[in-house]
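Line order of the protein sequences matches chains A and B. Under our numbering, the residue at position 166 of the first sequence is numbered 167, and the numbers go up by one with no gaps. Under our numbering, the residue at position 80 of the second sequence is numbered 84, and the numbers go up by one with no gaps.
These are calculated hints, taken from the structure and not from any lab test. Model, not experiment: these values are computed from the prediction. Check each hint, because a few of them may be wrong.
Footprint (simulated), chain B over chain A, 3 or more residues, beta carbon under 8 Å [unchecked claim]:
hint, region
1, 10–18
2, 58–70
3, 82–92
4, 163–174
Label pairs and their computed distance ranges (CB to CB) [stated by the list, open to error]:
hint, chain 1, residue 1, chain 2, residue 2, range
5, B, R170, A, Q85, 36 to 44 Å
6, A, G250, B, R238, 39 to 47 Å
7, A, S125, B, R233, 45 to 53 Å
Where is the CB? At the ideal position from N, CA and C, for every residue including glycine.
Spelled out, the chains give:
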Amino acid sequence: MNGQKQTPILEVRGLSHVYSVGTPFEQKALDDVNLSVDKGEFIAIIGHTGSGKSTLIQHLNGLLRPTTGQVLFHGQDIFQKTSQLRKIRFQIGLLFQYPEYQLFEETVGQDIAYGPANMGLHNSEITRRVSDALDAVGLPQSIAEKSPFELSGGQKRRVALAGVLAMQPEILVLDEPTAGLDPAGREEMFELIRDLHDKRDTTILLVTHSMEDAARVASRLIVMREGQIFLTGAPAQVFGQAEALERAGLTVPQVTKILLALRARGIPVDTRCYTVEQAVQKLLACREEVLGC
Amino acid sequence: MLRDITLGQFFPGNTWMHRIDPRTKIVLVMAMIVALFVCSHAAAYVVLTVYIFGLIAISKLSLRMVLRGLKPLLVIILFTAVLNLFLTPGDMLLWRAGPVSITMEGIQKAALIVARLVLLIAGTSLLTYTTSPIQLTDGLERLLSPLKKLHLPIHELAMMMSLALRFIPTLVEETDKIMSAQRARGADFDSGNLLHRAKALIPILVPLFVSSFRRADELATAMECRLYRGDIGRTRMRQLQLGRDDAICVIVAILFLGGAIVLQILT
């Protein structure tokens with residue numbers, strides 16, 4: 002991130018995936034995707050439904066096998082030894098969309114313990130990780146004794162996230178973690194994810210279809226379209242190409258849209274920004290410039 | 005993996021076969037089954053084979069897809085064929101070892117069984133491959149509607165069937181998703197002894213049950229919101245209508261199936 006070259010923690014090389022090969026439903030979901038993730042990065046993967054984001058992330062921990070191409074974790078091909086795949090999954094935590102539907106145990110504590118128990122950890126370590134994970138997602142310890150089916154939707158989702166965090170993965174891959182939450186719930190979830198990144202130094206890949214969300218939290222964006230990486234770069238770089246994005250049927254954040262419209266009407270404002278705070282700055286700067294001369 | 009199940013699946017298309025009234029197709033499939041069981045002579049089977057594979061060709065179904073549908077039943081086909089081959093008593097003895105023997109009759113019977121089962125599966129899957137589940141249940145409901153006079157809940161049964169069919173892909177998808185989610189937490193479904201494997205299914209079955217009940221509940225509410233109240237005064241968006249194509253289809257079927265039965269009786 003600071004220009005210093007390090008070996009990427011996760012790398013995807015020439016990845017393609019075709020579903021239902023040899024049937025009338027054959028469909029190419031990924032087409033020659035290349036990607037590398039450095040330790041400590043916060044990446045957002047953006048794209049329409051069907052752009053291949055979900056297929057891509059299921060390759061990252063070996064749930065799907067690539068039709069062609071490789072996935073490297075610390076430089077090692079994860080598909081080289083099938084027996085090692087399970088161990089890889091403990092290090093690359095994947096949280097699916099609507100993860101609350103995967104809860105199954107009698108108590109919240111037992112459900113969170115499922116991953117660590119699969120890792121073969123000692124009971125004392127499991128207990129420690131469960132309480133640690135509850136802390137990390139901001140739930141009280143007392144909730145561990147409750148049934149997951151008694152909780153509210155937002156709480157269930159946190160429990161599901163805690164279930165992945167309890168494995169203490171190096172990389173956390175989140176598929177639309179805020180889908181279906183109310184605005185307050187979304188805000189809290191983002192706060193939580195940002196904390197995981199900032200305070201616990203977890204590398205995060207966030208899948209979303211919201212440009213706003215992506216722009217707010219991520220340090221790098223990957224825009225996917227029709228199974229390929231369409232654009233990639235820092236938020237400012239990606240949203241600087243608003244026309245290309247719009248041509249691809251993707252929208253830029255609302256504020257960027259407003260600035261673009263202003264510019265189209267002849268107001269010389271800098272449009273390379275994507276949050277309300279930045280927009281205020283740019284507009285003030287623009288006013289100074291215009292009134293100054 | 006789960007999504008590759010083909011038996012009983014519908015392949016959308018717009019061929020002549022796809023447009024035939026489902027009632028015609030259901031009746032003709034039943035006629036075909038009768039013909040397959042009535043006939044046992046080679047000549048009759050040649051006619052039936054030409055008929056069924058001709059229809060598959062018209063429907064533009066790839067032969068590979070149809071043969072793939074046979075795969076789940078391959079064991080049963082082979083099993084019955086082998087039993088018939090070795091255990092049929094007869095006059096023309098070809099080979100013998102203890103109680104097991106191969107006779108000419110045995111070979112004929114085994115060949116007949118294989119041909120009968122393959123044609124049976126190919127022919128019936130032709131119906132499900134070219135008819136959408138909705139059309140299929142519509143057709144069934146109309147065919148069985150005379151039984152409503154006996155106060156049998158035909159409409160309700162048809163509705164239950166179409167709902168069940170409708171939710172099979174959804175459930176398969178859901179199962180796939182939950183399995184992936186639990187695998188991501190280190191679940192291991194493919195190793196260990198039987199008890200271990202059965203236990204490994206709990207993390208899939210519990211969420212699947214919960215979501216099935218939730219979905220059923222939501223569906224019932226949604227149907228009631230749209231004033232569904234069973235068969236009373238219910239009209240249809242798509243009226244089934246027999247046309248010229250159905251007549252042609254029936255005539256062709258009579259020629260082939262009738263021809264096969266006539267051949268069977270004459271020889």
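* To do: Identify every previously stated hint that the structure contradicts and give their numbers, smallest first.
  => Hints 1 and 7 are the ones this structure does not satisfy, whereas the remaining hints hold.
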